[in-house]
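Please construct the entire structure, taking both the sequences and the accompanying hints into account.
Residue numbers (my numbering), protein chains in the order written: chain A, 36 to 318; chain B, 49 to 372.
The reader is advised that the hints may include incorrect statements.
No more than 30 Å apart at the CA atoms, straight line, and that leaves these computed lysine-lysine pairs for DSBU-like [said to hold, decoys possible]: (1) B/K76 / A/K298; (2) B/K60 / A/K306; (3) A/K152 / B/K361; (4) B/K56 / A/K132; (5) A/K298 / B/K223; (6) A/K122 / A/K152.
Hints are computed from structural coordinates only; laboratory data are not their basis. Predicted, not measured: the structure shown is a model, and the values here were computed from it.
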Amino acid sequence: MTDFENLKQIAKQLRREIVTMVYNAQSGHPGGSLSAIDILTVLYFGGILRYDPKNPDWEDRDRFILSKGHASPALYSVLAYAGYFPKEELLTYRKTKGYAPDGYSRLQGHPAWQHNKHGAPGVEASTGSLGQGLSVAIGQALSLKLWGKDSRVYVMLGDGEIQEGMIWEAAMFAGHHKIDNLCAILDNNNLQIDGDVREIINIHPLKEKFEAFRWNVIEIDGHDYKQIYDAFIRAKNTKGKPTIIIAHTVKGKGVSFMENNFKWHGVAPNKEDYEKAIAELMA
Amino acid sequence: MMTVIDIKNAPKKAIRDTYGEVLVELGKMDPDMVVLDADLSESTRTHKFHLAYPERFFNAGIAEQNMIGIAAGFAYTGRTVYASSFAIFLSGRAWEIIRQQIAYNKLNVKLVASHGGVSVGQDGASHQMNEDISLMRSLPNMNVIVPADSVEMEKVLKKVHYIKEPFYIRMGREKFPVIMPSDYEFEVGKGYTLKEGSDVSIIACGVMVSIALQTAYELEEEGISVEVINMASIKPIDKELIIQTANKTGAVVTSEEHSVIGGLGSAVAEVLSEEGCNAVLVRHGVEDRFALSGPAWEVMEELGLSVEGLKSKVKYALEKKCQK
Ligand SMILES: Cc1ncc(C[n+]2csc(CCOP(=O)(O)OP(=O)(O)O)c2C)c(N)n1
Ligand SMILES: [Mg+2]
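Here's what the structure looks like:
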């Protein structure tokens, strides 16, 4: 039985790490990191993803790709807590100096693949230019399947991100090829940089779109641990189709003044806001 | 004798701020103008036009290829179009559509890119576009302009608005020192000599122009006389001025916040070698590598895009010249 209360505590710590990383760098993207973190917490710490932090190249591991790469603070904090690298390294996020072999940081503004010379262990693909991660995930999933692995590939997309045409080219391909070891998660927080996704370019209805592209669609509350967990299990048990979990989330979730406010997409908090945020996340 | 510009105390302004302001001015005069963006309108400053003329502004969302196709459609029907995003997504993601529609048909579209070069800083290599001048310069019919400061940006926009051809105009993210004289007139295909000198010439564009000037003043104190040319118009390029300065000093250093492959350095090299010019050429810019995350000026420093970095290139060029 999965301990959801424990996951909640972990997510709270990770939220503090996210806000601290962005504050420390005075740069980065808190909003979309905070909306995504509950889902990543269940994926990495709820027994869904198969991985070994001591062996990041383990052949039989599952993969996770953060297609919305700007949410790197969420990914990096999860990888540190999972044991891929020390938590202290989180403070090298967006800094020039760090722990790469050449003395630069491995925690680049946007994730770099673990075998990139500035990449961090546990990062399965370089992202940051939106719209590319789903195709990369398909390539990995197909490759693993064809070469006899039972590994699964997870990929997280932003709701603004899926305005990119490449996403729909990928969606068509995955449905056509029935790639059932692939699970996409849509962080549906309703906001992008310039405002509300429904006002900039409306992506809805989503369920019908993905079903028309031959996907299995599951809709959940992306901050409800049990719903997240159950969705991953259902995805795993779905054969003959790729699955997309449409997770309804709140951008900036957990820090009251960041919630549902697009201004906090890519802005670092000042000292006062930082202290306010941490106080809320300690409570 | 040219006036000495006090770069360290010069006022600073982001070129993109000027872009937003001038767009609004142009929009008032020209009812046939439309502006497009792809979910970065606050960063590129097209949101100023959006606020002023909401009915002539379209946000494509995060869909750069589609934005360029739509820009082409507007231009086919006779409108003057401005389309903006970060340099990486505008010139990179949408390149082939730019080629087929805008360049091939010589459409009246101004591609105005913000966040060019490594001074994007903390977003890191994924967002630092050091190959756009190269990509755009190789397209037939495409003009490529890299203004040095906000004064020049205003002059550029007010000139090219009336030239019904494709333009790629590249801006940085940061605030640059304002160095161009207010009575300066921008001409497509013309460079501008900011400082005269006799030992070596620096031909620069963008933010590197102010860094080149600073470098020249400091080298002057070491007894080295440096000529500084602002080559904002990279395509077409001012062949005459390049040859003239190369013949005068016998040593040319190009300086750009861009890869040393394919950009200003390559354009100057093409002129010098084809014209059989005997001058030494050294290219200063981003070496053949990806950059990294970090505060903008720290990253510039790391890559040698600094007064110190440029000085050592100038000295290297002088050494080569003496060996000749
Ligand atoms: C191809 C591309 N275009 C533009 C950007 C700039 N950009 C970074 S984040 C973002 C908005 C993303 O919105 P969404 O996908 O909804 O992410 P979230 O709300 O989860 O942060 C944009 C436009 C980019 N990174 N890549
Ligand atoms: Mg969003």
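Query raised in the report: Which of the numbered hints are not met once you compare them with the structure shown?
Result: none
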